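Undergrad: At position 425 of the sequence shown the residue is numbered 425 (our numbering), and the sequence of numbers has no breaks.
Please keep in mind that the hints were generated in silico from the structure rather than gathered at the bench.
Some hints could be false.
Label-pair distances were calculated between CB atoms; the ranges are [as the list claims (entries may be wrong)]:
hint	residue 1	residue 2	range
1	Gly299	Pro361	18 to 28 Å
2	Gly438	Ala287	42 to 52 Å
3	Asp418	Phe29	46 to 56 Å
4	Gly396	Ala129	42 to 52 Å
Calculated cross-link-like contacts (lysine to any residue; reagent style SDA-like; alpha-carbon spacing at most 25 Å) [claimed, not checked]:
hint	residue 1	residue 2
5	Lys432	Asp459
6	Lys432	Glu290
7	Lys432	Pro302
8	Lys432	Pro422
9	Lys432	Phe352
10	Lys432	Leu444
11	Lys432	Arg457
12	Lys432	Gln417
The structure presented is a predicted model; accordingly, all values stated were derived computationally and were not measured.
Note that beta-carbon positions come from the ideal geometry of N, C-alpha and C, so glycine has one too.
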Amino acid sequence: MPQAAVRPAALAGSFYPARPDQLAGMADFYLGQPGESALPAPKALIAPHAGFVYSGPIAARAYARLRPGRATIRRVVMLCPNHRVALRGIAAPTVRAFHTPLGEVALDQAALAALVEGGQAVWSDEAHAQEHAIEVHLPFLQRTLDDFVLVPLVVGEATPDQVGRVLDALWGGAETLILVSSDLSHYHGYDEARIRDERTAAAIERLDIAALLADRDSACGRHAIAGLLNQARTRELACLRLDLRNSGDTEGDAGRVVGYGAWAFAPADQAMLDAARRRDLLQHAVAAIESGLAGHRPGPVPRATLPPELATWRASFVTLERAGNLRGCIGSLQAGGALADDVARNAWNAAFADPRFAPLPRDEMPGLEIHVSVLTPPVPFPVADETELLARLRPGIDGLILADGQRRATFLPAVWQDLPEPRGFVAALRRKAGLPPGHWSDSLRVERYTAESFGGRIDG
1 MPQAAVRPAA
11 LAGSFYPARP
21 DQLAGMADFY
31 LGQPGESALP
41 APKALIAPHA
51 GFVYSGPIAA
61 RAYARLRPGR
71 ATIRRVVMLC
81 PNHRVALRGI
91 AAPTVRAFHT
101 PLGEVALDQA
111 ALAALVEGGQ
121 AVWSDEAHAQ
131 EHAIEVHLPF
141 LQRTLDDFVL
151 VPLVVGEATP
161 DQVGRVLDAL
171 WGGAETLILV
181 SSDLSHYHGY
191 DEARIRDERT
201 AAAIERLDIA
211 ALLADRDSAC
221 GRHAIAGLLN
231 QARTRELACL
241 RLDLRNSGDT
251 EGDAGRVVGY
261 GAWAFAPADQ
271 AMLDAARRRD
281 LLQHAVAAIE
291 SGLAGHRPGP
301 VPRATLPPEL
311 ATWRASFVTL
321 ERAGNLRGCI
331 GSLQAGGALA
341 DDVARNAWNA
351 AFADPRFAPL
361 PRDEMPGLEI
371 HVSVLTPPVP
381 FPVADETELL
391 ARLRPGIDGL
401 ILADGQRRAT
411 FLPAVWQDLP
421 EPRGFVAALR
431 RKAGLPPGHW
441 SDSLRVERYT
451 AESFGGRIDG
């Protein structure tokens, strides 16, 4: 059913400037605030969709991460909630392009037609005609990417599996960006909104679909987000917070705010933290150990000083070494709070509470090597037997958890350096868990995760 018509810009002059020069200047101003990133472009983003003065600075945090993919990304699959028209399922437009004051954005009509023909979407220009949640993103994309085509989809009442199947069909490779358009809580007071939005952020970052959907006020795009989280678990993507604010932080009344967040998702073997944030985490680890040497436990890092990336709910392990020998290693497999706090707590425990070692004395601080591993959420690794497990393990990439009854143990991906063969890796992990050699049972639970690892040396 694709036609020759063009969807006009319905919100130009209200949600964003109608004059091309003013619109380009405003978008570029917001895009310039986060600064440049040397990291690869992410595979997927979540970004807010209010008027530019309200959510523009937060959305720009997401779009700034696309600059390294400017010449690579050729298709944007964008999913948004339905604000104007009641909808069950997912709606595709019949037009050939969307217009903005910066020009036309062509649609991938073949991809849209394939979704409708496959029963995964329906044609509905009505659902798209006045929908702002896709339109407001287009100027940012036009100022960030070179030539690209758009797959715009309005998501109504749809299950994570329904959305996941659409994303699976459109996933593609590095040429395809997945973008979910969503705001967070609506019309609460400033402090209540911050509490609610932090809870939603935790659900997103832990890839916790049930927690996200349990609160109907968590995010207007929660159905689309849930579908993305479903894919993130299946495809083992890492999630990183880029911003979390509300309209009271930008241009709105603090008594009645809308929450905004921005997140990036990338393959778990791709770096998500830049050099500055890695240094920050290592400094938090060192500060925690110094606190322990002074007889104190580290307290929570003040949120006002914490960059969004380090406020992400992520689990970590901290490993201490001296002269290449292990001096302590403690971590968490499930995120229980901000990454900066998790690293600080695990650094303290590695130095002073690892039962294999005496507490670290001050004279061992010089020359101490600190290694931080930031983990993705563990996901079930369904295998029929050990033969399949050994065949599907990815040496150097996978962290592995084996559990049976009360016995449980994990090896970080870094352990592959010492145990490079899958058979030896699994055998040693069994021993660590206290399981018999060759043990396999119907109750054995296998999970895997990946980790972004980096380290530094204390020289003074």
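Undergrad: Give a verdict on every hint.
TA: Verification of the supplied hints:
1. Gly299 to Pro361: 18 to 28 Å: Since Gly299 and Pro361 have Cβ atoms about 23 Å apart, the given range 18 to 28 Å holds.
2. Gly438 to Ala287: 42 to 52 Å: holds, 45 Å
3. Asp418 to Phe29: 46 to 56 Å: Holds, at about 50 Å.
4. Gly396 to Ala129: 42 to 52 Å: At 50 Å between Cβs, range holds.
5. Lys432 to Asp459: Violated, at roughly 33 Å.
6. Lys432 to Glu290: violated, 30 Å
7. Lys432 to Pro302: violated, 37 Å
8. Lys432 to Pro422: With Cα atoms ~15 Å apart, Lys432 and Pro422 stay inside 25 Å; holds.
9. Lys432 to Phe352: Roughly 21 Å between the alpha carbons, so the hint for Lys432 and Phe352 holds.
10. Lys432 to Leu444: holds, 15 Å
11. Lys432 to Arg457: Since the Cα atoms of Lys432 and Arg457 sit roughly 28 Å apart, the hinted pair is violated (cutoff 25 Å).
12. Lys432 to Gln417: Holds, because 17 Å separates the two Cα atoms, which is no more than 25 Å.
This entry does not satisfy hints 5, 6, 7, 11, going by the numbered hints stated previously.
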